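Chains as they are written, first to last, in the numbering used here: chain C, 627 to 963; chain A, 627 to 963.
Since the hints were made in silico from the structure, they are not lab data. Among the hints, a few may not be true.
Computed footprint of chain C on chain A, listed as stretches where at least three residues anywhere in the stretch have a Cβ under 8 Å from a Cβ of chain C [said to hold, decoys possible]:
no.	stretch
1	831 to 841
2	851 to 859
3	878 to 892
4	933 to 947
Pair by pair, the computed Cβ-Cβ distance ranges are [what the hints assert, rightly or not]:
no.	chain 1	residue 1	chain 2	residue 2	range
5	A	A690	C	P691	18 to 28 Å
6	C	D719	A	K942	41 to 51 Å
7	A	A690	C	K722	35 to 45 Å
8	C	P691	A	A659	24 to 34 Å
Every value quoted in this text rests on a predicted model; they were computed, and no experiment measured them. Idealized CB from N, CA, C, for every residue including glycine.
There are 2 protein chains.
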Amino acid sequence: MQAALLACTLGLALPCGCRNTPADRPAQGEPAAALPSWNEGPAKQAIFAFVARTTEPGSPDFVAPAERIAVFDNDGTLWAEQPMYFQLCFALDRVKQLAPAHPDWKDSEPFASLLRGEVQAALAGGEAAIAQILMATHADTTTAEFESIVKDWIASARHPTTKRRYTEMVYQPMLELLDYLRENDFKTYIVSGGGIEFMRPWTEQVYGIPPEQVVGSSIKTKFELRDGKPVLVRLPELDFVDDKQGKPVGIQARIGRRPVAAFGNSDGDLQMLQWTAAGEGARFCAYLHHTDAQREWAYDRESHIGRLDKGLDEAKARGWTIVDMQRDWAAIFPPQP
Amino acid sequence: MQAALLACTLGLALPCGCRNTPADRPAQGEPAAALPSWNEGPAKQAIFAFVARTTEPGSPDFVAPAERIAVFDNDGTLWAEQPMYFQLCFALDRVKQLAPAHPDWKDSEPFASLLRGEVQAALAGGEAAIAQILMATHADTTTAEFESIVKDWIASARHPTTKRRYTEMVYQPMLELLDYLRENDFKTYIVSGGGIEFMRPWTEQVYGIPPEQVVGSSIKTKFELRDGKPVLVRLPELDFVDDKQGKPVGIQARIGRRPVAAFGNSDGDLQMLQWTAAGEGARFCAYLHHTDAQREWAYDRESHIGRLDKGLDEAKARGWTIVDMQRDWAAIFPPQP
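Using the sequences and the hints given, assemble the complete structure.
Here it is, written out as structure tokens:
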């Protein structure tokens, strides 16, 4: 449907007037009606053109529905990531929650600084400090307990500056894009450096992405029978880092098909985009460029969080789509309830 | 559909005559017509009853379609596993294929014995020998190369005694069961101790199970750019063993939902069945019992391959379904082409 109309609009040599929507499916929105929070421009046009040429039967770039895998980074691509990754906010809140059971934290870094409210001092220890915080706050529960902890936090915690709930800081244009792709039989996956079990409790409700379509970083778990009842215990031991070179590894391990479309916003997504681009046939690679200091944040080459430097150069050199958030998005976040 | 009819047949207090098949879906087969290779008896009846009570709207045991996860062991559950795991046959064939490039194998075990055709002697080294054979035959290729190697082998290799192709040694009743569950909106997954990349190249064609629904054991892979082209290289290093306690771990890591139905045939599947059974609401756990020495193989408590000992006791104690292959299956393998 979109395909036929769009082909007409763009003057492509596809038979116009034919309507290929099967009778047993509801007619899908016209491209003109899809992606309402995207401004007219090259990014929106590129998305429509890609979906048209991969879904229109008879198109030389047609992709079978089973192969329509679209992967999305999460932090900075589906929801915001400033002034720090939201999962780190969760970890800091949890340090305070757990502190009474850990009296030694008062005298040992990075916990001592955190408990005094000095986040920057705590994080001065770099990756080692962050790993320590993550293990102390993400392990030593069962998977069921951790799910419940995440659900409680995500339902109540508020972003330090916007005071919105974190799930209200998802990008409205990306929600529309996820829907639009799914309407066209793409299967949408998250492929994030974030913790898989930190995302799964809420991705279905917020993004329409079910637990089995979430790929992320993980710690090890162990099966145990406790009083005859089986549980999975989360161990303070890293299992897999789903970032940079890890993203294609995670995609192969968990999905087993190469994506045809990939969306990211930082150098941590570059290998995922390279892996996607290297497949045969039509591919779509896009970078979100955070350019809107008024409505969101503006950052790229110099940012400690979500640095986009090499990726920006490669996107320009290879003609990947660059979504300029200030230019291309009519809205950033969903309307407040 | 099946549900309403079956409820009537069994005299259950469900409203009969109501037809709940949505108008946009084809009517599904009646239970009487489903599972034609299953003999009438308690196993077939238990399957029908479970599907009825979990899919009939209004049933107290109704399971939402998104939660209808059914997991299947592969070796000995979906295809045969005697006289040795078929993946080991693949490995042995590949040792011969690779031997010219490894002149040292002539003098080092387990390869020397294998190359002399003395399989039992080679395997006398136990798990260490098997690990050596697996690493030598499954690593040091790209993922794309390995996929192609597996596809070539599975299309041509023949079972040592039946002379059938290995994919013709899948169980016809289980193919029907997979179809029947999918017709009732169950999502079918393989959860196997076998190698994930050894299964994925053919599971979609043979079982209708796509790559993203295969969970298995794995070796590590590494992302590399070779002449600017991204590849994933298979490393001779174990990543994950999807067997015994590993099966619930693999299910949580890869699927992220607890299954409502699980099918296995050995003690290696016990933890998967325990994990499935421990969920809230209706659950179905079944063991295949290899009892047919004429048409297949008969083995259980004493077998080195597919030992079923503790699992058999627990299945009996907990009232899980035990499929007696001799009694319950009218056919074992699909008809020969």
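Enumerated hints in conflict with the structure, sorted upward: When the structure is compared with the hints, only number 4 turns out to be violated.
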